[in-house]
Amino acid sequence: MEKIRNDVIPDRVPNEINYKIIILCITAGIVFHYSMVYFSSLDEQTKNANYVIDIISIINPLVTAIFAFVIAGFYRMSKVFGRAYIFLGLGYLCAATAEVIYGVQYDIMQIDPYPSIADLFFIAFNILWITHIVTNIRYFGTTFDYRKLVIFMMIFCATVFPYIGVTLYQLHLEPNFEFIYGLLFVVLSGITLLFVVYAVMLFKDSALGRAWYVLLLAFLINISGDVWYYYLEVFEQYDLYHPVNFFWYAGYWIQTYALFKHKKVT
Amino acid sequence: MISEMDVLLTKFIEKHVSMQLGPDMIQRVKNRLLEKGYSLTQAIKEFDPLDKTLREFFGKGTDGMLQKIFDEICEMKRDKSGNLKSIVIKDKSFANLILSTYGNQEKKAILEAVSEDSLSVASILNKINLSQSTGYRIISLLINEGLLIESEHSEVSAEGRKVSLYRPTISLLDIRIKKSDIEIEIHFTRDTIKNSRIMASILPLFSKPRI
Numbered sequence: 001m002e003k004i005r006n007d008v009i010p011d012r013v014p015n016e017i018n019y020k021i022i023i024l025c026i027t028a029g030i031v032f033h034y035s036m037v038y039f040s041s042l043d044e045q046t047k048n049a050n051y052v053i054d055i056i057s058i059i060n061p062l063v064t065a066i067f068a069f070v071i072a073g074f075y076r077m078s079k080v081f082g083r084a085y086i087f088l089g090l091g092y093l094c095a096a097t098a099e100v101i102y103g104v105q106y107d108i109m110q111i112d113p114y115p116s117i118a119d120l121f122f123i124a125f126n127i128l129w130i131t132h133i134v135t136n137i138r139y140f141g142t143t144f145d146y147r148k149l150v151i152f153m154m155i156f157c158a159t160v161f162p163y164i165g166v167t168l169y170q171l172h173l174e175p176n177f178e179f180i181y182g183l184l185f186v187v188l189s190g191i192t193l194l195f196v197v198y199a200v201m202l203f204k205d206s207a208l209g210r211a212w213y214v215l216l217l218a219f220l221i222n223i224s225g226d227v228w229y230y231y232l233e234v235f236e237q238y239d240l241y242h243p244v245n246f247f248w249y250a251g252y253w254i255q256t257y258a259l260f261k262h263k264k265v266t
Numbered sequence: 267m268i269s270e271m272d273v274l275l276t277k278f279i280e281k282h283v284s285m286q287l288g289p290d291m292i293q294r295v296k297n298r299l300l301e302k303g304y305s306l307t308q309a310i311k312e313f314d315p316l317d318k319t320l321r322e323f324f325g326k327g328t329d330g331m332l333q334k335i336f337d338e339i340c341e342m343k344r345d346k347s348g349n350l351k352s353i354v355i356k357d358k359s360f361a362n363l364i365l366s367t368y369g370n371q372e373k374k375a376i377l378e379a380v381s382e383d384s385l386s387v388a389s390i391l392n393k394i395n396l397s398q399s400t401g402y403r404i405i406s407l408l409i410n411e412g413l414l415i416e417s418e419h420s421e422v423s424a425e426g427r428k429v430s431l432y433r434p435t436i437s438l439l440d441i442r443i444k445k446s447d448i449e450i451e452i453h454f455t456r457d458t459i460k461n462s463r464i465m466a467s468i469l470p471l472f473s474k475p476r477i
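Read top to bottom, the protein sequences are chains U and E. Start counting the first sequence at 1; every next residue gets the next number (the numbering used here). Start counting the second sequence at 267; every next residue gets the next number (the numbering used here).
With the rest of the complex left out, here is chain E:
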């Protein structure tokens, strides 16, 4: 199962990998991934296929490349025992996504509705009093953006069908204004970080001494 953190980060990793390598090189990487049966997006979500493929092209240089990409997306914050506790967003489009999501009344209402307990789509719509068509569209958007995630638990509807429950990806959000900059710090639950395949590969790279 793909972690919500990975879903959230995938789009931005894809953007930075493509930008750094350029269209010609990224096409070669995509072709190689396709040979293995992955799209670039899928390979980033599962991460290991991307990592292995990049290593086929760049060898150990892949470590440095991934570090630079993550440096451009976010800054990792660790607790006293060295575990990742949050990320501070550095990528502008990532920051805009968060700000526009929480600045949008309907999206914010949906995310607030599931902040305490995981809920089914029908329960979310009931709770915030939103029309079905708009509600479904926004929920689907939030899922695609990685801000809303299917919970591991489910419930049985009145008709006896098993329905999925949803919860927010971000457990806590700090927005600070520093001079002219807006700093956004995202806190994830320990389980979210533990389940992230991307973080499992990336975090060890950041514990080595760097040039």
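Excised from the complex, chain U in its bound form:
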């Protein structure tokens, strides 16, 4: 009987990561970015490519928000997951709102959207993401040891120190307002990344854990983009055709795939 069971039943709940989809997201991000660069060079007067980028930048978090709300709907009767995914959906809605404000200021009002009111929504996005993870951790989290603390410190330093080091070096150790302002966001991104890493460690080797791995990858891509962006803003080198934009396209698409993986588990 046992032998028959072992032949038929998979060793673990199946939820394998399809790396082809991740590669596809990255490739699509690169292709989209360079297509926009190409089209903008053909059409410098009307700036239609700007509007396409704005619309895609709004649609990306909006689609992810819809995915998060769909999962929250499936979990509506669950004490732990239902609330967690509502926070996540609200977070992505904040990101979409921030993108709308950013696009309006940049392309319609033609003012510098950094700093702007949109940043408040990006802060809310990070806070709601942390709330989503904390809701999970509060339920599933158990022990805490110093080994984890060391790992977290290292991750945080790896996120924040490159920004501080490189930017301050370029500024000849004379920090300006943009540097301090950007540092706030980089620190917030670093904290969010810590929580994602904690969740990955918590759900390691499980079906849910594989979905969190994908999410971590998406976050690493997004946060790399964020840190680079805040560096660029210090020196006013950012525009919609800078390669940093690719990180956000690919990051959001992979995050949506991670949520899809989560749905497959649940």
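All clues given are correct.
Counterexamples of contact, computed for chain U against chain E with all Cβ distances above 12 Å:
#1 Phe-39
#2 Ser-41
#3 Val-52
#4 Ile-55
#5 Leu-120
#6 Ala-158
#7 Tyr-169
#8 His-172
#9 Tyr-238
#10 Asp-239
Interface residues of chain U toward chain E, partial, derived using beta-carbon atoms under 8 Å:
#11 Arg-12
#12 Gly-82
#13 Ser-206
#14 Gly-209
Simulated from the structure, these hints should not be mistaken for lab results. Using N, Cα and C, we set each Cβ at its ideal position, and we do this for glycine too.
Since the structure of chain U is provided, determine the placement of chain E on it from the hints.
Relative to chain U, chain E alone:
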């Protein structure tokens, strides 16, 4: 053999697991258990299949989840050497089950009849002077609720048949009124705790430092 403590706790663990995970997720867990040949109830009673299956879904997060579930059902009380000695009930339906059982004359009489020595069903019915049909129905109810358990000993009837003996699950019950709350503390025998598969898995989780 499944411990009486496990029989008693199963219904409440099932209730809290289902509540926490929601219908969608619990169905996935049930499907996975079915693949392995277990119902959810059976898996909780044996506990190891449930534990392993939850770990397939949630990894180490299962530890935290089980702690939270037990925190909602009861509070563990330990003696000076750290061994579990009793549980204080926190789940309202669990408390209601105990109160309604001991508040019911017939159920209470049956449990009192077996408090000293394990008895067969016929001996219980003789001792408390209850009609056979009512007696069998109530005894069967008490067994299903995990409050009455088959003893490891048996006896031979006058007809030469081997008959099972029964004893109560709970060895001592303290009911205290604290302000507006009723606190129920259940004491189990050392053997009962030792034989519990649920406790064997759960107790180590409660000895680790928690967030």
